[in-house]
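Let the sequences and hints guide you as you build the complete structure.
Residue numbers (our numbering), protein chains in the order written: chain A, 1171 to 1421; chain B, 15 to 368; chain C, 91 to 267.
The reader is advised that the hints may include incorrect statements.
Claimed, not checked - Within a straight-line C-alpha distance of at most 27 Å, the following computed DSS-like cross-link-like pairs (lysine-lysine) qualify:
#, chain 1, residue 1, chain 2, residue 2
1, A, K1401, A, K1178
2, B, K288, C, K192
3, B, K361, B, K306
4, C, K122, B, K60
5, A, K1421, A, K1352
6, C, K243, B, K56
7, C, K122, C, K157
8, A, K1362, A, K1418
9, B, K302, B, K214
10, C, K192, B, K18
11, B, K336, B, K302
12, B, K60, C, K243
13, B, K313, B, K284
14, B, K214, A, K1359
15, C, K243, B, K18
16, A, K1372, B, K214
17, C, K207, C, K192
18, B, K56, C, K207
19, B, K214, A, K1176
20, C, K181, B, K284
21, A, K1372, A, K1401
22, B, K288, B, K311
23, B, K284, C, K122
24, B, K60, C, K249
25, B, K60, A, K1178
26, C, K244, B, K18
27, A, K1352, A, K1176
28, C, K244, B, K56
29, C, K157, B, K361
30, A, K1178, B, K214
31, B, K60, A, K1372
32, A, K1352, A, K1362
33, B, K285, C, K157
34, C, K157, B, K284
35, B, K18, C, K171
36, B, K361, B, K336
What the hints assert, rightly or not - Output of the computed footprint for chain C on chain B, the stretches with three or more beta carbons under 8 Å from beta carbons of chain C:
#, segment
37, 180-191
38, 273-282
39, 341-352
Bear in mind the hints are in silico, worked out from the structure with no lab data behind them.
Note that this is a predicted model, so its numbers are computed, not measured.
Cβ coordinates follow ideal geometry from the N, Cα and C atoms, glycine included.
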Amino acid sequence: MVVFEKPKALADVQMHYCPGCTHGIVHRLVAEVIDELGIEGKTIGIAPVGCSVMAYNYFNCDMIEAAHGRAPAVATGVKRSDPENHIVFTYQGDGDLASIGMAETVHSAARNENITVIFINNAIYGMTGGQMAPTSLPGQVTQTSPYGRDTDACGFPIRVCEMLSTLDGPEYLERVTVNNVKNVKNAKKAIKKAFQNQIDGKGFSLVEVVSSCPTNWGMTPQDALKWIDEKMLPYYPLGVYKDRSAEKEEK
Amino acid sequence: MSDKVLMKGNEAIAEAAIIAGCRHYFGYPITPQTEVAAYMAKRMPKIGGTFLQAESEIAAINMVYGVASTGKRVMTSSSSPGISLKGEGLSYLAGADLPSLVINVQRGGPGLGGIQPSQSDYFQATKGAAHGDFHMLVLAPSSVQEMADLTVKGFDLADKYRMTAMVLADGTMGQMMEPVSLDYEIGEPIEKPWATTGTKMERPHNIVNSLFLEPDVLEKSNFERYERYSYIEENECMYEEYMMDDAEICVTAFGIAARVSKNAINEARKKGIKVGLIRPITLWPFPKAPYKKAADKVKEIISVELSMGQMIEDVRLASECKVPVTLCNRVGGMIPTPEQVLEAIEKAAKGGNK
Amino acid sequence: MSATNMLIAGFGGQGILFAGKFLAYKGLVEEKEVSWLPSYGPEMRGGTASCSVIISDEAVGSPIVSKPDVLVAMNLPSLDKYEDTVVPGGKIFVDSTLIERKVKRTDVEVYYIPATKLASDNDMPTLANMIIAGKLLSVTDSFAEDGVNAALKKVISAKRADMLETNLKAMQIGAEN
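Right, dumping it as structure tokens:
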């Protein structure tokens, strides 16, 4: 009896992610959701530039590689090409989504573009070797903030869910993490809702996943998961930041 | 002629695109091409199409990239500074071998420049839109009719060769009105088995991508692309020759400059000067053949441009430097007058511009 | 080659471009080659507006009219700017309500029409442009009502068909003045 197998939407290839990296978990959750909703045949994923640049090899649905930060714009084009028959998701890191691609992020949210955005926030640029990200914490040591992030010189981290929640546009914004089993289960629920919203035509749904980067944080995988609890979550509290349909029901 | 209507060049482009089956347009306001967006904003919702004013030129070209990935005809339009912003997207479109149509209604530069007509994006369009080895098909209309015709042609060529086609116009072409006939036979869309439209669980997944981390693989993709480019250079050059049969002096120009030049040539002919015109219609591929032929019989080639001399470099290469190639130009939004061109022709007749 | 190069100039809002478009359409319905080129940019919002119109028996070369056969000047800056560019023997049409000075050139035909005053006297304050256009056609061309009507139908949208009559009347006033 098979008790554990790869989701069908996840390609049977070896991933390039570092040991202990949470990208693998989130990829799996996305693939499980695609399986459960039975949408692989109509799903088109948009990969970013960053560690998950080669996500196009890891999902079995059609995939498009976007320029750095432009995934929401590309997704807009793909979705509008055939709104009835295309389920479109972007998978983006913090540099991609919250730095170089902030305009695309904000405006696709403001338009309530009917797409699903999976946002990996690990507070660092992974692929290029550990530079300061727009979400790096105050005092966080990175390759380009070797003395710790000095908020006088380079400003403060951006809380994406909170910021987008000020817009009337987006349908659903939730921050989750994947540092323990319970949190992984919650993350999957949020991701599933973000896809279901799109199927239901509700609009822009973004799930921010607070993630770890043991390699560039310079920690063991276990310590990195602990660091999420101790450092990341106080700055980036988990929770639902917008759920327009739920708000409507309450009224 | 009664079926002809007066249209602005910008409007002719938009309507021709719709006739060609384009149902997705993304743009950002910039003078002097805004009529394209305004026209699309009016028409697209009525025919089930998409008009979207993007947050930036960068977003617009990436929305184009998204639709192009799904195999549908899609376009954006802008003017010089906006095209610079689209550069990144143009490189990605080339790297992923996606067809698209981009309109550049040029204005004077560099920088914010001005809003009056210019041809100073010739280098950008034909040689260096962005990083990496790639070309776009570059089509240079010289009338409102050609604005429409080359838009339709651009979509066809883009699909055929999986490339971006750029219509390189200028503010005059965009703003002027002339009679246009929009009578086209549009063929069936060609098959695009590479498009990412969902696997329907019937085929392996398609990937639209320009990332190749293995250098040998990337090299191969470049070589293959350039084989396609060679084929295009041999088969898709377009140009017009005007009074070149007995010409002893050759004027060459494209777009608005060609029209000004025709006036000057007509005047020069009245004075008995044997002068003709070579007007490239495709700027890439650049039509070398007529220049090679001309170089054996004319004593000077005068390149009339709204730039500091950009096309002139291709003219020199194509004529293999057999005869002097001189520049007659205005820039910054100014346009050469027929008198200025006539003066250059007369000087050439008397012994040469220096 | 027979071609008429016209330059129509005035303030933005005087209907300069519209009058030019009408004249171009008139050429088109009479099966001539035509072009219409506006000045464009910020000056269109209240500053100086102008447009080049060419009506020709043969294909139009440059659409830019730098030496007009016909100049319509609807304000003083336009007359100041373009008077000297008119070809010898050319024609200048002046809105004499708004331009007090006389044309200095002696080698051109000049027509003074108090177009703005005529327009307001006849309760058509926005049609000074068409009054001048009427005068222009009566002088340069046959004022063939068929052609005028056909051209007006092209430039006035179906939704504003009631304006056809008024425009035609404006042109007749111009032609008779």
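Taking the hints in turn, this is what the structure says about them:
1. Proximity of A:K1401 to A:K1178 is assessed by CA-CA distance (about 35 Å); at most 27 Å being required, the pair is judged violated.
2. Between B:K288 and C:K192 the CA atoms are separated by roughly 44 Å; this puts the pair beyond 27 Å, and the hint is violated.
3. With a CA separation close to 23 Å, the supplied pair B:K361 and B:K306 stays within the 27 Å bound.
4. Restraint check for C:K122 and B:K60: the C-alpha separation of about 34 Å exceeds 27 Å, so the hint is violated.
5. For the hint pairing A:K1421 with A:K1352, the CA-to-CA distance comes to about 30 Å; that exceeds 27 Å, so the pair is violated.
6. Distance hint between C:K243 and B:K56 is fulfilled; the C-alpha atoms sit about 22 Å from each other, no more than 27 Å.
7. Between C:K122 and C:K157 the CA atoms are separated by roughly 20 Å; this keeps the pair inside 27 Å, and the hint holds.
8. Annotation: proposed proximity of A:K1362 to A:K1418 holds, straight-line Cα distance about 20 Å (limit 27 Å).
9. Straight-line distance between C-alpha atoms of B:K302 and B:K214 comes to about 47 Å, which puts the hinted pair past the 27 Å bound.
10. For the proposed pair C:K192 and B:K18, the alpha carbon gap of about 40 Å is over 27 Å, so the pair is violated.
11. Of the supplied pair hints, the one linking B:K336 and B:K302 holds, its CA atoms being roughly 13 Å apart against a limit of 27 Å.
12. In summary, the hint linking B:K60 to C:K243 is supported, as the alpha carbons are separated by about 24 Å, within the 27 Å threshold.
13. Annotation: proposed proximity of B:K313 to B:K284 holds, straight-line Cα distance about 20 Å (limit 27 Å).
14. For the hint linking B:K214 to A:K1359, the alpha-carbon distance of about 25 Å falls within 27 Å, and the restraint holds.
15. Taken as a hint, the C:K243 and B:K18 pair is honoured in the structure, with Cα atoms around 14 Å apart against an allowance of 27 Å.
16. The hinted pair formed by A:K1372 and B:K214 meets the criterion: a straight-line CA distance of about 23 Å does not exceed 27 Å.
17. Among the hinted pairs, C:K207 with C:K192 is consistent with the structure: their alpha-carbon atoms are about 17 Å apart, no more than 27 Å.
18. Taken as a hint, the B:K56 and C:K207 pair is broken in the structure, with Cα atoms around 37 Å apart against an allowance of 27 Å.
19. Restraint check for B:K214 and A:K1176: satisfied, since their Cα atoms lie roughly 20 Å apart, inside the 27 Å limit.
20. In summary, the hint linking C:K181 to B:K284 is supported, as the alpha carbons are separated by about 25 Å, within the 27 Å threshold.
21. Note on A:K1372 and A:K1401: the hinted pairing is violated, with a Cα-Cα distance of about 34 Å set against a maximum of 27 Å.
22. The hinted pair formed by B:K288 and B:K311 meets the criterion: a straight-line CA distance of about 12 Å does not exceed 27 Å.
23. Of the pairs offered as hints, the one joining B:K284 and C:K122 holds, with about 23 Å between alpha carbons and a cut-off of 27 Å not exceeded.
24. For the hint pairing B:K60 with C:K249, the CA-to-CA distance comes to about 18 Å; that is within 27 Å, so the pair holds.
25. Proposed proximity of B:K60 and A:K1178 is contradicted: the alpha carbons are some 41 Å apart, above 27 Å.
26. Restraint check for C:K244 and B:K18: the C-alpha separation of about 11 Å stays at or below 27 Å, so the hint holds.
27. Between A:K1352 and A:K1176 the alpha-carbon distance is near 20 Å, which keeps this suggested pair within the 27 Å criterion.
28. Annotation: proposed proximity of C:K244 to B:K56 holds, straight-line Cα distance about 19 Å (limit 27 Å).
29. For the given pair, C:K157 sits about 23 Å from B:K361 by alpha-carbon distance, which is consistent with the 27 Å threshold.
30. As the CA atoms of A:K1178 and B:K214 are separated by approximately 14 Å, the hinted pair is consistent with the 27 Å bound.
31. Restraint check: the Cα-Cα separation between B:K60 and A:K1372 comes to about 24 Å, which is no more than 27 Å; the hinted pair holds.
32. Proximity of A:K1352 to A:K1362 is assessed by CA-CA distance (about 16 Å); at most 27 Å being required, the pair is judged to hold.
33. Of the supplied pair hints, the one linking B:K285 and C:K157 holds, its CA atoms being roughly 20 Å apart against a limit of 27 Å.
34. With a C-alpha separation of about 18 Å, the suggested pairing of C:K157 with B:K284 holds against the 27 Å cut-off.
35. Straight-line distance between C-alpha atoms of B:K18 and C:K171 comes to about 34 Å, which puts the hinted pair past the 27 Å bound.
36. As the CA atoms of B:K361 and B:K336 are separated by approximately 19 Å, the hinted pair is consistent with the 27 Å bound.
37. Beta-carbon proximity to chain C at under 8 Å applies to 5 residues in the segment 180-191 of chain B; the threshold of 3 is reached and the given coverage holds.
38. For the segment 273-282 of chain B, the stated coverage by chain C holds: 5 residues have a C-beta nearer than 8 Å to a C-beta of that chain, and at least 3 were required.
39. Only residues whose C-beta sits within less than 8 Å of a C-beta in chain C count toward coverage, and the segment 341-352 of chain B has 3 of them, enough to reach three; the restraint holds.
Checked against the numbered hints above, the structure breaks hints 1, 2, 4, 5, 9, 10, 18, 21, 25 and 35 and satisfies the rest.
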